[in-house]
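Trainee: Now for the letters of each chain:
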Amino acid sequence: MIAVHVEALSRRFGAVTALDDVTFSVPAGSIVGILGHNGAGKTTLLEILATLLLPQAGRANVLGHDVVDAPRALRRVLAYVPAGGTSFFPRLTGRQNLEYFAALYNVPRREWRTHSDAAAAVFDIADALPRRVDTYSDGMRQRLALARAWMAHAQVWLLDEPTRGLDPHARALTHAAITQQARSRGATILWSTHDLHEAEAVCDRVIVLHHGRVTLDQSTEVLRSQPGSLLRAYGDATTGGAA
Amino acid sequence: MRALGKVWACVLKDVRIDASYRMSFAMDVVDGLLMFAVYAVLAGLFGDRSLDGFAPLGFLLVGVATNGALMTALVCFAQAVRGVQAAGAIKAVIATPTSPLAVVVYSSVYPLVRAVLDLAVWLVAAAVLGAQFAGLTAQGITAALVVFFVAALSMAGFGFAAAAFAVVFKRGDPVMWLIGGASMLLGGVLYPTNSLPPMLAILAHWVPTTHALHAMRDILLGGAGLADVAPSLGVLVWFGVVGVPLGLMTLAAAIQYARREGTLGHV
Numbered sequence: 001m002i003a004v005h006v007e008a009l010s011r012r013f014g015a016v017t018a019l020d021d022v023t024f025s026v027p028a029g030s031i032v033g034i035l036g037h038n039g040a041g042k043t044t045l046l047e048i049l050a051t052l053l054l055p056q057a058g059r060a061n062v063l064g065h066d067v068v069d070a071p072r073a074l075r076r077v078l079a080y081v082p083a084g085g086t087s088f089f090p091r092l093t094g095r096q097n098l099e100y101f102a103a104l105y106n107v108p109r110r111e112w113r114t115h116s117d118a119a120a121a122v123f124d125i126a127d128a129l130p131r132r133v134d135t136y137s138d139g140m141r142q143r144l145a146l147a148r149a150w151m152a153h154a155q156v157w158l159l160d161e162p163t164r165g166l167d168p169h170a171r172a173l174t175h176a177a178i179t180q181q182a183r184s185r186g187a188t189i190l191w192s193t194h195d196l197h198e199a200e201a202v203c204d205r206v207i208v209l210h211h212g213r214v215t216l217d218q219s220t221e222v223l224r225s226q227p228g229s230l231l232r233a234y235g236d237a238t239t240g241g242a243a
Numbered sequence: 001m002r003a004l005g006k007v008w009a010c011v012l013k014d015v016r017i018d019a020s021y022r023m024s025f026a027m028d029v030v031d032g033l034l035m036f037a038v039y040a041v042l043a044g045l046f047g048d049r050s051l052d053g054f055a056p057l058g059f060l061l062v063g064v065a066t067n068g069a070l071m072t073a074l075v076c077f078a079q080a081v082r083g084v085q086a087a088g089a090i091k092a093v094i095a096t097p098t099s100p101l102a103v104v105v106y107s108s109v110y111p112l113v114r115a116v117l118d119l120a121v122w123l124v125a126a127a128v129l130g131a132q133f134a135g136l137t138a139q140g141i142t143a144a145l146v147v148f149f150v151a152a153l154s155m156a157g158f159g160f161a162a163a164a165f166a167v168v169f170k171r172g173d174p175v176m177w178l179i180g181g182a183s184m185l186l187g188g189v190l191y192p193t194n195s196l197p198p199m200l201a202i203l204a205h206w207v208p209t210t211h212a213l214h215a216m217r218d219i220l221l222g223g224a225g226l227a228d229v230a231p232s233l234g235v236l237v238w239f240g241v242v243g244v245p246l247g248l249m250t251l252a253a254a255i256q257y258a259r260r261e262g263t264l265g266h267v
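Top to bottom, those sequences are chains A and B.
For what it's worth, this note's numbering labels the leading residue of the first sequence as 1, then goes sequentially.
For what it's worth, this note's numbering labels the leading residue of the second sequence as 1, then goes sequentially.
Hints listed in this document are in silico derivations from the structure and should not be mistaken for laboratory results.
The beta carbon of each residue, even a glycine, is placed where N, CA and C say it ideally should be.
A hint or two may mislead.
Pulled from the structure, derived: some chain B residues nowhere near chain A, Cβ distances all over 12 Å [claimed, not checked]:
| hint | residue |
| --- | --- |
| 1 | L4 |
| 2 | I17 |
| 3 | L33 |
| 4 | Y39 |
| 5 | V84 |
| 6 | T96 |
| 7 | V124 |
| 8 | R171 |
| 9 | G222 |
Now the stretches of chain B that chain A is said to cover, found in silico as 3 or more residues with beta-carbon under 8 Å [unchecked claim]:
| hint | segment |
| --- | --- |
| 10 | 7 to 13 |
| 11 | 231 to 245 |
| 12 | 250 to 263 |
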């Protein structure tokens, strides 16, 4: 079953081409790394799939829900973690933020607390929940954003640099928690990252974007069989050596 | 039931954010006291003259307090949008299964409840100062609440348009400027509308505040019932029935525009 299908997707911002004729499909239950330099189009791609941005050409759907025609149905199957972790009300505590978003994710009121606590425990942020978010470090905010996404119990996760700013311990926890989502719940993960080692370790497949175009779409199993090959392939894909 | 839970979540969020700004709350109280004193002194200047058949103190304080509460109904939707924009949470909110329009509507509940409480405090203070309220009965208060909520609805259409402006242009609010200014000039807040020049008096009929203030003064100061203010209430309902769907469509179009232009997350 195809969870995410993108076909000839294009998007420009003025004179800048963010996505140019991007096509790929992601089978349900897989973890796909979206790699590329800054400005390669990773965030644009995820924002279109999250229904926050409209494409100018092409089509995309998530579990059959078109990003243009059925955004509300699509948001019911989706969890989105924006880059940067600043997407919270800073004067509320971590728990108050999670409870607010639990309501927006249709969690019944009596379960806000248990869902928030469970989500926070998964990403090792439970101790900080009583504190206001404006006292959090970048890494703590990032973990809170992941906990918020976890509460959605979504079938498809769109993660925009989810481990940015995390220490090695939190990074390992995040890898484990997200991998578990994919393996035990059959969730599909699109994971944008700059970290090649992370992509190789966690993802089933990597898609490299360069100037808005897909320049590499390869299984990590193949890449792992030759040490250093992802680094070489990434280098080729981002310097015009691969297509 | 889910909708009620979401309303409650929005109210809790807003109460908690408000409570976290203690100094601002204290300043609001001081500001309210100062403004109350200004209008009380101003009423004294009118002496024994009546304004639209009512004593100046009651006329002014009901006008100013009701207009203040209606301005909340005008700005609360745009403030809800700006609140999530400023926090950087707008993308995270829109990516949830809850409709963005619903989030904006739910986020108006707390400011509106607070506006009603502020209005009540002003009226109680006015009564303590000697304003005569013939309508301060259970029936009168109920009628006044009905009028206020219908009047708030009549403002909501403009309020959604202001929220649409916030989605697209982020800052500046011509809707607030236009409707707020028209309310003060034409709505009969500080003086009766029959004292306006004829052309302005005609324009005054096109401002919801005019009808809301007529009804509120008739009920609270004159002891009128809902049936007595039915004409004013009818105009307010008309504003709401026409304005709310138009305003919601404008807001939905603004969100779609921001998705198309890629400016949803801009502050």
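Trainee: Each of the hints needs a verdict: does it hold here or not?
Mentor: Quick rundown of the hints versus the structure:
Residue-level check failed: B:L4 sits 8 Å from the nearest beta carbon of chain A, not beyond 12 Å. Not every Cβ of chain A is farther than 12 Å from the Cβ of B:I17; the closest lies at roughly 5 Å, contradicting the non-interface assignment. Remark: the non-interface label on B:L33 is consistent with the geometry, its nearest Cβ contact in chain A lying 26 Å away (cut-off 12 Å). With a cut of 12 Å on Cβ distances, B:Y39 stays outside the contact zone with chain A, its closest approach being about 33 Å.
Distance to chain A contradicts B:V84 as a non-interface residue, since its nearest Cβ pair spans about 8 Å, not more than 12 Å. With a least CB separation of 4 Å from chain A, B:T96 falls inside the 12 Å interface cut-off, contrary to its annotation. The claim that B:V124 is not at the interface with chain A holds, since no C-beta of that chain comes within 12 Å of its own (minimum 31 Å). For B:R171, the shortest C-beta to C-beta distance to chain A comes to about 19 Å, beyond the 12 Å cut-off, and the non-interface label holds.
Residue-level check passed: B:G222 sits 43 Å from the nearest beta carbon of chain A, beyond 12 Å. Counting residues of the segment 7 to 13 of chain B whose C-beta lies closer than 8 Å to any C-beta of chain A gives 5; at least three are required, and the coverage claim holds. Counting residues of the segment 231 to 245 of chain B whose C-beta sits closer than 8 Å to any C-beta of chain A gives 0, which falls short of three, so the coverage hint is violated. Residue count for the segment 250 to 263 of chain B with a Cβ under 8 Å from a Cβ of chain A: 4. That meets the three needed, and the coverage hint holds.
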